[in-house]
Amino acid sequence: MAPLDKKDEYGPFDNVDQVFEVPKLACGAMADTHTFEAAPEHNEMLGFPGELLPNWKEVAIAKMGELAEKNRAFKVYLDTCVKCGACTDKCHYFIGTGDPKNMPVARQDLLRSVYRRYYTFAGKYFPKLVGARDLTKEVLDEWYTYYHQCSQCRRCAVSCPYGIDTAEISMAAREILDSVGVGQKYCNEIIGKVKVTGNNLGLNPKALRATLDDLEEDLLDDTGVEVRIPLDEKGADILLITPSADFFAEPHIDGLLGYAKVFHAAGVSWTLSSYASEAANFGMFIGSYENMREVSWRIRQAAKDLGVKRIIFGECGHAWRVAYSFLNTLAGPFDFLDQNYPIPQHILEFTLDEIESGRLKIDKSKNDDYVMTFHDSCNVARGSAMGREEGGQFEVPRKVLRAVCNHYYDMDPDTIRENTFCCGGGGGLLTDDLMDLRIKGAKPRMTALKQVTDEHGVTHMAAICAICKTQFSKVMPKYGYGMDSIMSVHQLVSNAVVLDGGNEDTAEEPETEESK
Amino acid sequence: MLSTLYAVLFYVATIFLIVGTGMKVLKYARTPAPLKIPVSPAPRTRAGVVMRMIREVTYFHSLFRSNRWIWVFAILFHYGMLLVLIRHLRYFTDPVWWWVALIQPIGVLAGLAMLAGLLGLFARRIVVQRIRYISSPSDYLMLLLLIGIVASGYSMSLVDRVDVLKVKNFMLGLMHFQIRELPMQANILIHLGLVITLMIVFPISKLMHAPGLFFAPSRTQVDNARKFRHLTAWANQLPPLPDAIPEAGEK
Ligand code: SF4
Ligand code: SF4
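Chains as they are written, first to last, in the working numbering: chain Z, 674 to 1189; chain F, 11 to 261.
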């Protein structure tokens, strides 16, 4: 799809050659962007006070001290920043908004200044000198505002000479806010839903089965093959944990159909679980170890209950970070699963194995209408890995893409792999009340995409994250792309997979040597 | 009189530096890191992490990739200072170690590199709007302190010559718990005074970035969470959750 030549206030492509020109500071530009606060019952469901505590100040200061005791990253990062400025131009929200408080170090300083005041010698006795300040209601509000303008994407951490990760500070800040009764509506409501129904959408098992039935029908119509999407089938080998958006949203669904086809073609037995029908784990976004553990635990329970041997995760960025980096710690040990496979495994690892072993028949030409590029999702790129080699999180998706489509181009190297830009909607910011921020935050990615569209005629971008997909399908139209310009990687796999006994399969070449 | 004061201050500063920094480092080491959070490109082995840290320490790999100007000034400053510090060992050793003697001739150059780096960093702090925005008075003062140390050091050979043998004698005296005479000249007194200040503020300031670097989980952790659990003591004490799925209705 060719970009429309529609321009609006967000269409900044007049200067594509100065792509990442650093904006002039626009102080206070985003000061009024204050995402909705959670209702008391939603805070309470997560074990937090419902409303702002009368003694919030003492509680917040104590919590800060507690985190410094419990979390080395928090403690060390607050101490070691030298204010060198290397991170200042790395955040997509700063690039998009120009608000100086969206510069990573300035974002950290919102909290560091208070920490210094109460917990360091210099801040206690010479606050002016080191920029320390008292905790006031204004400061608390400022935290809420700007720590909800950080998608915890860690691009700043890659650039910092000391590895200072603003995401860790944001998570801690949100935990402090929650602990005094100021939660964010979007995240806390969703975590509450997972605790009740097992997924972010609040979908019950019956509704889920009905949805899957429809999808199975679609698959049959499409392929002429009975491809199943099993739910709660005890004794299956593989438990698939996938973001619930895969059941409902576009282009996510097409990814789910892709997984089903791959499993079908591979001839493995698999199942979804209605109890753990969610890969996403917003516990990470709010920095709550306890909530993250509780949500993760459902996966362990489901795996035990269904008696599966393996756990595979569908396409989702932060979910994969929690799965790859935290799941074993939070809900392990997984000694009851088959130790011959990675625990957990990513669907792309599975699919790539199938492709490379030649078991999956692929007809690349099915994707000839698309000229593709790949958006590395921040949490996959910088917070997890895949495959057997270091850097597999970059290579595995690209290998799969190259195996299923003929036209593929990477975007500017400063904007992919570990330097990738967040989609602008990660970290619990994928809510309509932050739409302005989301559109502005997508600007660096959209600019890089526009470059490859101009140079190589790229028409579509693939991603492996439910949040990225939703975000892009919303914001791409603002930048002159169609909302279907964002695709699931497994959507492309789905298009290209050739199923035995399928409709087109017989019409074309009957021989089986397509495994190139 | 003044010599005694300086001697006492040197002892105090040394204790501050060593004990203060040691305590902080111990604190860092003892604070648990509850989750695996290595940031890409994350090595999957201990050896890989060691290599990564060697790259960070020897040539500031991440900074090199993220901001070339800051990198140039930071390298000039840090390597200049390293050589200058090594060169200063001659004030504490008798006879002077051969390799310390060997680098004496490049000392002047190293000092200049250090100064150039500091001035560059200072200029950036003032000129670049973003960095000016994030700077506190202490950030400027820290640079001024270091610039003052270099300038007063140079003045001892360029402006008002100081009898360095006497200084060395004072230092060697300190090491044997004897108080000997310092030359009573403003520049050496300022030079030593600033150095003492630096030693004292080290553990309570951002200078802790030097040891802190080795405790950043994002850089020092091995990326092996799928293979090994990473349970900290406090996480292990959280109330256990049931393995069985609770019956519908109960929660
Ligand atoms: S790059 Fe790191 S040390 Fe430099 S200002 Fe940013 S957070 Fe601080
Ligand atoms: S983690 Fe990402 S969103 Fe947050 S400050 Fe760093 S670069 Fe910006």
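Source of the hints: derived by calculation from the structure; they are not laboratory data. Quick caveat: nothing in here was measured; it's all calculated off a predicted structure. Positions of the beta carbon are idealized from the N, C-alpha and C atoms, including for glycine. There's no promise every hint is true.
[What the hints assert, rightly or not] Residues of chain F clear of chain Z, computed beta-carbon distances all greater than 12 Å: (1) Ala-84; (2) Met-91; (3) Leu-129; (4) Met-185; (5) Ile-189; (6) Asn-197.
[To be verified] Calculated cross-link-like contacts (lysine to aspartate or glutamate; reagent style DMTMM-like; alpha-carbon spacing at most 20 Å): (7) Z:Lys-868 <-> F:Asp-253; (8) Z:Lys-1039 <-> Z:Asp-891; (9) Z:Lys-858 <-> Z:Asp-705; (10) F:Lys-37 <-> Z:Glu-742; (11) F:Lys-237 <-> Z:Asp-705.
Here's how the hints hold up against the structure:
1. Ala-84: 7 Å, violated
2. Met-91: 14 Å, holds
3. Leu-129: 15 Å, holds
4. Met-185: It holds; F:Met-185 is separated from chain Z by about 29 Å at its closest Cβ, greater than 12 Å.
5. Ile-189: Its Cβ never comes within 12 Å of chain Z, the nearest being 29 Å, so this holds.
6. Asn-197: Since the minimum Cβ distance to chain Z is about 26 Å, F:Asn-197 lies beyond 12 Å and the statement holds.
7. Z:Lys-868 <-> F:Asp-253: This hinted pair holds, its Cα atoms lying about 15 Å apart.
8. Z:Lys-1039 <-> Z:Asp-891: 18 Å, holds
9. Z:Lys-858 <-> Z:Asp-705: 17 Å, holds
10. F:Lys-37 <-> Z:Glu-742: 9 Å, holds
11. F:Lys-237 <-> Z:Asp-705: The hint is violated at about 45 Å.
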